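**Student:** Could you put the whole structure together from the sequences, leaning on the hints where they help?
Read off the chains here:
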Amino acid sequence: MDLTLQKLKEMFAAAAADVAAQEQYLCRLDAACGDGDHGVAIKGAITAASDAVGGASNLKDAFFEGGMAAMANSNGSTSSIYGTLFMGISDGIDAGAESLGASALAKAFEKGLSSMRDVVKGDVGDKTCFDALIPAVRAMAGRNTVAELLDAAAAAADEGAKSTANLAAKFGRARNLGEKSIGTLDPGAVSNAVIFSAFARAFSQK
Amino acid sequence: MKMKKFINAPENLTAEVLDGLVAAYPQKVALAEGKIVVRAKPKSEDKVAILTLGGSGHEPALSGFVGEGMLDASVVGDIFAAPNAVALLAGLRRFKRDAGILLVVLNHAGDVMSANMAMKMAQREGIKVKSILVSDDISAGLDSPVADRRGLAGCIPLFKVAGAAAEEGKNLDEVFAVAEKFNAGIATLAVAMTGCTHPQNGQPITELGDDEMEIGMGQHGEGGGGRSAILSADKTAEIMFGNLAKALSLKEGDRIFAVVNGVGATTPMEMSIVFRAVKSLARDRGVEVVGGIVDELLTVQEMAGFQLILCRVDDETKKYLYAKSDTPYWTSLGD
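Protein chains in written order, with the numbering used here: chain F, 1 to 206; chain X, 1 to 335.
Everything labelled a hint here was simulated from the structure, so no lab data went into it. Mixed in with the good hints there might be a few duds.
Unchecked claim - With the Cβ distance kept under 10 Å, some of the chain F side facing chain X (calculated, not the full set):
#, residue
1, 28
2, 30
3, 73
4, 76
5, 78
6, 84
7, 118
8, 122
9, 162
Computed from a predicted model, the values in this text were never measured in an experiment. In this text, a Cβ means the ideal position worked out from N, Cα and C, and glycines have one as well.
**Tutor:** Structure (structure tokens):
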């Protein structure tokens with residue numbers, strides 16, 4: 001089964017619900033090395049994105065409007081990261097596409113990631129959302145079905161998020177803690193894994 | 001520990017703070033749509049506009065320095081969080097002018113991302129804008145790259161210098177040049193004795209033991225430098241001044257403007273005692289303190305501690321620091 005607009009709406013709704021359920025946990029993670037507001041920021045961004053996707057009339061517009069809404073309805077790094085990611089994914093989708101197969105979806109996420117990296121510095125190993133997002137997008141390549149692609153992305157994001165416990169922060173506010181940040185999970189990577197996991201689950205649900 | 005603050009609904013914090021500021025100083029500032037604080041009496045359009053962006057929760061910074069002689073506007077995000085690029089673009093559009101805009105950006109990940117995105121979009125629309133990055137914090141080490149230095153309260157004397165140069169009628173390149181010169185000579189170190197709580201979620205940010213202090217604490221209480229037992233005002237000033245002097249390579253005959261910026265719970269009494277020590281440490285090295293500020297300019301909630309900011313000055317930048325300004329928290333009669 002390919003990705004349709006209807007499925008995408010269900011995926012974003014699931015991501016918004018899961019992130020909202022984890023809001024306090026994400027804030028606590030952030031308080032260990034940042035200022036304790038990541039849960040609030042990511043909930044604002046994903047809820048707004050989900051609302052915008054819910055009102056969109058095609059896949060390309062859904063990602064663009066979702067990105068604009070995520071950016072305009074949150075603050076700080078989260079607004080730039082998810083805004084540029086979703087708008088970039090939209091750039092990677094053909095106008096008028098009614099559904100996306102595995103290779104088209106992988107290509108769109110690839111485009112989203114590269115647009116975001118034009119604005120946001122960082123790489124795997126820096127203890128940021130990139131530790132989940134980059135492996136997730138890489139894991140999408142060469143998959144046969146959308147279900148397989150999303151499952152692989154969710155697994156890679158989860159593994160990447162867990163790996164941040166062993167890393168010292170190099171970016172964002174946490175970088176000033178350096179080695180002291182080892183032992184804590186990066187909240188941005190964890191919330192990214194929550195989103196990919198919700199996407200995969202919602203897509204496979206009948 | 002339960003958070004003790006006089007607040008209402010956490011989600012309305014920023015809006016209520018800004019409402020209060022413009023209610024108290026209606027002759028100086030006004031609120032524009034989208035959490036943008038502007039001057040009550042706009043500067044004429046043939047002069048360069050000075051804008052900045054940043055989170056709230058650091059009052060009176062940044063919006064308390066909007067007004068004649070300093071900022072034209074501050075685009076405000078949420079507590080400790082930069083405004084998004086869409087909001088910043090709205091601010092840049094509002095000040096679009098042939099004379100151009102100087103955007104002062106504090107070096108924090110979120111601020112820099114929003115600024116980069118908004119500048120890209122603004123330039124596509126033909127808005128003339130240049131940005132200057134404030135990265136005055138030296139706690140990451142004297143040899144650390146600029147990218148690793150946070151922007152702390154050194155932005156405030158910079159607003160003053162850039163604002164005065166713009167008020168004088170200098171063009172964008174000239175305002176940028178004087179601001180860049182001044183910016184290159186600012187170094188800041190912070191010290192904290194207690195952590196603080198995030199006013200929206202009540203989460204503690206960095207906890208320090210009863211008998212501990214930490215030099216190198218950031219703007220949001222995020223830890224950074226070294227912890228030690230609590231030291232006296234003179235001893236603390238000596239360590240901080242020594243590092244700052246090294247960062248600026250201060251030598252005999254240099255002149256500085258010094259700021260002791262209280263971050264919330266440290267009293268003006270303590271801050272004055274520290275300033276006295278700074279003046280004497282400078283004298284020992286043959287460095288002249290031309291003047292300074294002992295006040296709360298940029299706070300970190302109820303944290304106890306201060307930021308010590310040293311700014312190298314010459315005749316031109318000293319003149320701008322003492323030029324006429326009329327903002328809620330920095331008023332100067334000028335010459």
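**Student:** Next, verify each hint and record whether it holds.
**Tutor:** Checked hints:
| no. | hint | in the structure |
| --- | --- | --- |
| 1 | 28 | holds (7 Å) |
| 2 | 30 | holds (8 Å) |
| 3 | 73 | holds (8 Å) |
| 4 | 76 | holds (4 Å) |
| 5 | 78 | holds (8 Å) |
| 6 | 84 | holds (7 Å) |
| 7 | 118 | holds (9 Å) |
| 8 | 122 | holds (9 Å) |
| 9 | 162 | violated (23 Å) |
When each numbered hint is compared with the structure, a violation occurs for hint 9 only.
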